[in-house]
Amino acid sequence: MLKRVLFRNRWLPYALLFPQLLITLFFFIWPASQALVQSFYATDPFGLSSRFVGFAEYTRLLADPLYHNAVLRTLVFTFFTTSLALAAGLFLAVYADRVIRGQNTYRTLLIWPYAVAPAVAGVLWLFLFHPTYGALALVIRQTGVNWNPLLNGTHAMTLVIVASAWKQVSYNFVFFLAGLQAIPRSLIEAAAIDGASTFRRFWTIVFPLLSPTLFFLIVINVVYSFFETFGVIHAVTRGGPGGATTILVYKVYADGFVGLDIGSSAAQSVILMALVIGLTMFQFRYLERRVQYN
Amino acid sequence: MVDRSRTLRITTHVLLVLGVLVIGFPIYYAFVAATLPLELATRVPMPLVPGDHLMDNVEQAWRRGDLGLQLFNSIVMALGITAGKIAISIISAFAIVYFRFPGRMLAFWIIFVTLMLPVEVRIVPTYEMAVNVFTPVNRLLEVLSVPVAIDPLGYTISMRLQWNILDSYFGLTLPLIASATATFLFRQFFLTIPDQLAEAAKIDGAGPLRFFWDVLLPMSRTNIAALAVILFVYGWNQYLWPLLITTDREMMTAVIGITRLMPSPDDAPEWNVAMAGALIVLIPPVIVVVLLQRWFVKGLVEEEK
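Here the protein sequences come in this chain order: U and F.
Residue numbers for the first sequence follow this note's numbering, so the first one is 893 and each next one is one higher.
Residue numbers for the second sequence follow this note's numbering, so the first one is 31 and each next one is one higher.
Heads up, some of the hints might be wrong.
[To be verified] Pairwise CB distance ranges, derived in the manner of DEER restraints:
no.	chain 1	residue 1	chain 2	residue 2	range
1	U	Trp903	F	Asp244	13 to 23 Å
2	F	Val320	U	Ile992	36 to 46 Å
3	F	Arg190	U	Pro1133	43 to 53 Å
4	F	Ile40	U	Val1150	36 to 46 Å
5	U	Leu1101	F	Gly54	28 to 38 Å
6	U	Ile1085	F	Leu70	52 to 62 Å
7	F	Pro75	U	Gly946	54 to 64 Å
8	F	Ile233	U	Val991	45 to 55 Å
9	F	Ser35	U	Leu1101	22 to 32 Å
10	U	Phe1176	F	Phe164	47 to 57 Å
[Unchecked claim] Per the computed footprint, the stretches of chain F lying under chain U, defined by three or more beta-carbons under 8 Å from a beta-carbon of chain U, are:
no.	segment
11	57-67
12	87-98
13	243-250
Derived from the structure by calculation, the hints contain no laboratory data.
All C-beta atoms, glycine included, are put in the ideal place defined by N, C-alpha and C.
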């Protein structure tokens, strides 16, 4: 889509784009290219010398059980965080959509966790799940589980999953509700006249019509789980206990910034970048298709 | 006409109220803890009725966490990012939509790339940039081996530029204000504005900047408001970047500061103070979202188009 009426000016468009492009080049493209370069060099921790090692960092990484571990943890973490946040968001949106009076009130009461920083969400849930003082820990302990997220890896993982998903429920809720409200009432009413039950109407009409929203949200939630949950992990578990909650993005930070293994951290960055590029491309191709259908 | 039965209506409300309670419980629990004295906050189980120590705990958290300063830093960072992103994105979108010039598509793609390079995937090299913003310029000078001056003995003096933005407001905001989403949002909006407006402005003798200032900017108010809510929350809640570049307590932001109020296993378990701190830090963005909910929902949904 192009504008017909255009202004003519030789230098003005460049001047207008200059700040954005400058920051992009300096703080996005240059660091990304540096990560790529550094991933082919072995650098000593003090940054005094470096030598070209080709793909050695990558092969080392791919053979490293700690890295395999982090990949596995990330997949588990992402799967459960995404499923939990999507299921809860959809559930609440389906019921909020049925409400005629008071919908805005419910929306207000469900929307605010979006504004809570991931790290702060982590702190709140750590207190709830705290082995000694937490209310939820007490309930869990009464079922006979020796609950201790500070020492037990699975418990720690559960804690960061719940905290991360909790924060994301509102986001999913907003989009599911918007998606539900876009479905024509007449369709659902027609099915009701034909005698379809509420349950059947949901699975055969509402859910398929909601699938574009669902796919979009899956991408967003996966990206969220991969990257934005860094705050939860760093504030609550520091990747522990014993690496049990070290997801990929935390490992890039821990290896590069704390462990000063620049080459390995750079190689991990490049792998993550490839992943984000793949996800973004996927999202855009799919979004384009949706535009065509509509 | 679909299932307006009484029971269904009641079930719906019951389930929603339950949902609201489950979602709200962590905050309520934190609030109760923040109102209790230490001996009650650490009692197992902790009482679920608020006490009267709220102000004590808030004061403790405020003093120990140095929250006055840190909240100020957070406000500067959040507002800086909001204003910066909106300003540079709206002018970029204006350039891309209303002008044809060599390199237009290239500029578009360079901006698009920022979507794919979140700071989380390039932690170390971005930190190195903050240590010296001119690193790429220096590298360029090296490669070109530009002699700045050659003294009579034949030594080449090369020039090295240095600008360190660690522990500064520049460092907290500048690297985060490039925004593809905001640029695309404005671009999308400008494309819906009828061409006749620009035509009329041209006929009346207005230049591009005049048109931007007097026509486009006022028309974009709603979009700016919607975006501002989201960006403020985004800026306030930043974690990784401030963690990397601030070491000075004076420059720390509140979200990072309060995680330091969490009692470690060796301290007195002052969760009441930690929760008071957490509440102080989460209230500003929550208020923004709840009060400006209409803009917020609009911004959220439009940003993803």
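Status of the hints after comparison with the structure:
| no. | hint | in the structure |
| --- | --- | --- |
| 1 | U:Trp903 x F:Asp244: 13 to 23 Å | holds (21 Å) |
| 2 | F:Val320 x U:Ile992: 36 to 46 Å | violated (22 Å) |
| 3 | F:Arg190 x U:Pro1133: 43 to 53 Å | holds (45 Å) |
| 4 | F:Ile40 x U:Val1150: 36 to 46 Å | violated (54 Å) |
| 5 | U:Leu1101 x F:Gly54: 28 to 38 Å | holds (30 Å) |
| 6 | U:Ile1085 x F:Leu70: 52 to 62 Å | holds (59 Å) |
| 7 | F:Pro75 x U:Gly946: 54 to 64 Å | holds (59 Å) |
| 8 | F:Ile233 x U:Val991: 45 to 55 Å | holds (51 Å) |
| 9 | F:Ser35 x U:Leu1101: 22 to 32 Å | holds (24 Å) |
| 10 | U:Phe1176 x F:Phe164: 47 to 57 Å | violated (34 Å) |
| 11 | 57-67 | holds (count 4) |
| 12 | 87-98 | violated (count 0) |
| 13 | 243-250 | violated (count 0) |
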